[in-house]
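*Asks:* Assemble chain B with the ligands onto chain A, guided by the hints.
From first to last, the protein sequence lines are chains A and B.
Note that this note's numbering has the first sequence beginning at 1, numbered continuously upward.
Note that this note's numbering has the second sequence beginning at 1, numbered continuously upward.
Certain hints may be false.
Cβ pair distances, simulated, as ranges [unchecked claim]:
id, chain 1, residue 1, chain 2, residue 2, range
1, B, GLY236, A, GLN129, 46 to 52 Å
2, B, GLN290, A, ASP139, 34 to 40 Å
3, B, ASP128, A, ASP139, 29 to 35 Å
4, B, ASP342, A, ALA64, 40 to 46 Å
5, A, LEU24, B, VAL13, 50 to 56 Å
6, B, THR114, A, TYR91, 39 to 45 Å
7, A, LEU24, B, GLN148, 26 to 32 Å
8, B, ASP49, A, LEU63, 40 to 46 Å
9, B, ALA222, A, ALA140, 42 to 48 Å
10, B, ASP128, A, PRO10, 39 to 45 Å
11, A, LEU127, B, GLN148, 34 to 40 Å
Quick look at which bits of chain B chain A covers, simulated, 3 or more residues with Cβ under 8 Å [to be verified]:
id, segment
12, 23-36
13, 41-55
14, 128-141
15, 303-311
Please keep in mind that the hints were generated in silico from the structure rather than gathered at the bench.
A virtual CB, placed ideally from N, CA and C, is assigned to each residue, including glycine.
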Amino acid sequence: MIESHRRFTPLQRLLHWLIAVCVLMMLFIGVGMVSTVKPKYLPLVTIHKSLGITILVLALIRLAVRLRYGAPPLPADMPEPMKLAAYLSHYALYVLMIGMPLIGWAMLSAAAYPIVLVGGLRLPPILPQSDRLHALLWDAHFFLAFAFFALILMHVAAALFHALVRRDGVFETMASVSTREEVAPAE
Amino acid sequence: MPPSRLSPARSVVLSVVFIAAIIAGAAAAFAYTAGAFSPKRLTPNRMVDAFRSPSGVPLGHRRNHAKGICFTGVFEANGAGSEVSKAEVFPRGRYPALGRFNLGTPDPNAPDATVRVRGMGLQISTPDGQEWRTAMIDPPVFPVSTPQAFYELLLASSSKDPDAMKTFASAHPEIAGFGEWAKSAPWTSSYAQDRFNGLNAFIFVDNSGAEHAVRWSLLPAAQVVPVSQEELAKRGPDFLEQEIADRVRSGPARWTMVVTIANPGDPTADPSKAWPADRRTIKVGTLIVQQIEAERDGPCRDTNFDPTVLPTGIQTSDDPFPAARSSAYAKSYDRRTAEASDYPRSATVAKP
Ligand code: HEM
Ligand code: HEM
Ligand code: HEM
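Just chain A, with the same shape it has in the complex:
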C-alpha cells in the first residue's frame, strides 16, 4: 500500500467538527423544545427542523467524501476489540447522522404537518398520512435520540482517551489545529 495519510483530509475535518457542533445543538434543542410551552417553543421547533435537514445534507456529503478519501489507519498496536468498537461506533454515528433527520422528516410527513423551515422553505412529505407510522417513527426518533447522545458521549470519551491517555495520534487525525506529524507510517 502506498503512503497512507495520517490525518483526515481538511474537508473531512471541517465536516466532522461542523456536524459535531450541529448534532450536539440538535440534541439539546430537541429535549429543550419538547419540555416547554413558552413562546420560544415555536422558533426552537423551526430551528430543530432546519438544522436537522442541514445535518442530513452535510452528512450525505461527508459520507461521499469518506467513501472517496477513506480514513487514516488506526494505530497497529490498538487492541482488536478496541478497533472493532471504533469501526462499529463510527458506522453507527453515520447511520444516526443520516437516519435521525430522515426519521424526523418522515414522522412529520406521517402526521400530515406541513414541514416549514427557517425562511419559509417548505419540504414535501416523504410518507403518506398514517397514525401508526407516526407513532412508530415518533418512538424511533425519541429512543434513537437518546442512543445518539449516549454514543456521542462514548465517542468523546474515547477521543479524549486517545488524546490524553494513549497519546497514540488518533485524536490528531481529526483535531484540525494539530501540527503533529510524528505518527509512524503504516507498515
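*Replies:* Chain B with the ligands in isolation, oriented as in the chain A frame:
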C-alpha cells in the same frame, strides 16, 4: 510500529477523572435542558396530563375537545381579505376546507347538554399546498390570560378541594368575563347556529409588508334559536352530531368569516380581553360545510388543528397561547396516534 506512549500512572488517573468529569457534565447539562431537575417547569406533558376525563384517559382520542365530528367543504373567499394579508386563502376563489365540530371536554362520551363550550377545528388549503389551521370556540373571550393560568384552572377544576375554583377565581379575576358568558349566553341546538371565535391574536402581513394585528371569527348564517339546557338534554346525548349530519345532508351550512383589525394599543397578548366593539372588521369569505363524516372514519381524526400551522401572510403575534397550544396539541396528537389500536377505523375492525 509506534511505541506505546502510555503516560505515568498518576497522570493517567488525572486524565481519566478529567474525561469522566466532562462526560458527566455533558450528561447533566442534557438532563437539565430536558427538565429533569425542574419538577415545576410547565411542560407540554404536564399540561396535557392536567386534562382529566371523568371516564378515564380517553385512549385514542384528543385530550381536550375529545368529542367531535368531521366535516369537509370549501372556503369561498370574496377577495376582501387580500387588503390585509397576502395569504393565498384570501384572493377571490374557492379553497378546500376540512374541519371538526367539537365539544370542549376531555370526555369523548360527554352528553352534549353537559358541555358549555363548543369548538370548531378548521383547515383551509391554498392552491400552492400551504395550510391555514385554526381551532376556535364559541365564548367571546378566553377564561384566562396566560397558558400558566390555564394550567392552574385545569388543576383547580379537577381538584377535590371544594374551594379550589373560588381560590382560583379570586387570583384570576379575568375569568369573570367568561363566567358571565357561560351563565347568560343562550344555548343552541345546532353547531350551525354557533359563532366560533379564534380569540388569539395573529399578525396579517399584506402585500406591502405592513403588519396588522387581527383576530377572526366565524359567524353562523343560520338563525340562532335559543334552547334551554334542559330542553337540549331531553333531545339525547349525541343530538348535536345527528342534527348537523341531518342538516348538511339536506343542504350546506354556512358561516361568514370576519377578521377584526386591532387598533394600536389593543391587547394582543391576552385572549381574556375582548377588543372594543367599534374596531374595523372585514368580511373575508364564507365557510360552506358540505359533508359530515363520523370522526372514527373521517378525515379530521388524524389531523392536528394546530393554530400555528399558517400560510405565508399570517404569523403568530405576542399572544403566548398559540405556542403553548402548539406544544400541547402535538403532545396530545403523539399520544392519541400511539393509541390508534384503541380507537381503530371501522374498516380495520371489520377485517377478519
Ligand atoms: C440529527 C438530527 C436530529 C436529532 C439529533 C434530533 C433530536 C431530537 C430530540 C433529542 C428530540 C426530543 C425527543 C424527546 O425528548 O421527546 C427531538 C424531537 C423532535 N424532532 Fe428531532 N432530531 C433530529 C432531526 C429532526 C428533523 C430533521 C426533524 C424534522 C424535519 C425533527 C423533528 C422533530 C420533532 C417534530 C420533534 C418533537 C416530537 C414530538 O414530541 O412531537 N428532528 N429530536
Ligand atoms: C464533540 C466532541 C467530539 C470529539 C472530541 C470527536 C473526536 C473524534 C476523533 C478524534 C475522531 C477520529 C477517530 C479516528 O481516527 O478514527 C473522530 C471520528 C469520527 N467522529 Fe467524532 N468527535 C466528536 C463529536 C462527534 C459527533 C457529535 C459525531 C456524530 C455526528 C462524530 C462522528 C464521528 C465519526 C462518524 C467519526 C469517524 C470518521 C470517519 O471514519 O469518517 N463525532 N471523532
Ligand atoms: C394553553 C391553552 C390551551 C391548551 C393547553 C389547549 C389544549 C388542547 C388540546 C390538548 C386539544 C386536543 C388537540 C388534539 O389532540 O388534536 C385541544 C383542542 C382544541 N382546542 Fe385547545 N387548548 C388551549 C387553548 C385553546 C384556545 C384559546 C382555544 C380557542 C380559541 C382552543 C380551542 C380548541 C379547539 C376548538 C380544539 C379542538 C380542535 C379539533 O377539533 O381538533 N383551545 N386543546
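*Asks:* Next, verify each hint and record whether it holds.
*Replies:* Against the structure, the hints come out as follows:
1. B:GLY236 with A:GLN129: 46 to 52 Å: violated, 33 Å
2. B:GLN290 with A:ASP139: 34 to 40 Å: holds, 37 Å
3. B:ASP128 with A:ASP139: 29 to 35 Å: holds, 33 Å
4. B:ASP342 with A:ALA64: 40 to 46 Å: About 45 Å separates the Cβ atoms of ASP342 (chain B) and ALA64 (chain A), which means 40 to 46 Å holds.
5. A:LEU24 with B:VAL13: 50 to 56 Å: Once the Cβ atoms are compared, 28 Å apart, the range 50 to 56 Å for VAL13 (chain B) and LEU24 (chain A) is violated.
6. B:THR114 with A:TYR91: 39 to 45 Å: Cβ of THR114 (chain B) to Cβ of TYR91 (chain A): about 58 Å, so the range 39 to 45 Å is violated.
7. A:LEU24 with B:GLN148: 26 to 32 Å: Given about 30 Å between the Cβ atoms, the range holds.
8. B:ASP49 with A:LEU63: 40 to 46 Å: Holds, at about 42 Å.
9. B:ALA222 with A:ALA140: 42 to 48 Å: Hint holds: Cβ distance 47 Å, inside 42 to 48 Å.
10. B:ASP128 with A:PRO10: 39 to 45 Å: holds, 42 Å
11. A:LEU127 with B:GLN148: 34 to 40 Å: Distance hint for LEU127 (chain A), GLN148 (chain B) holds at roughly 36 Å.
12. 23-36: holds (count 8)
13. 41-55: holds (count 6)
14. 128-141: Answer holds; 3 residues pass the 8 Å Cβ test.
15. 303-311: holds (count 5)
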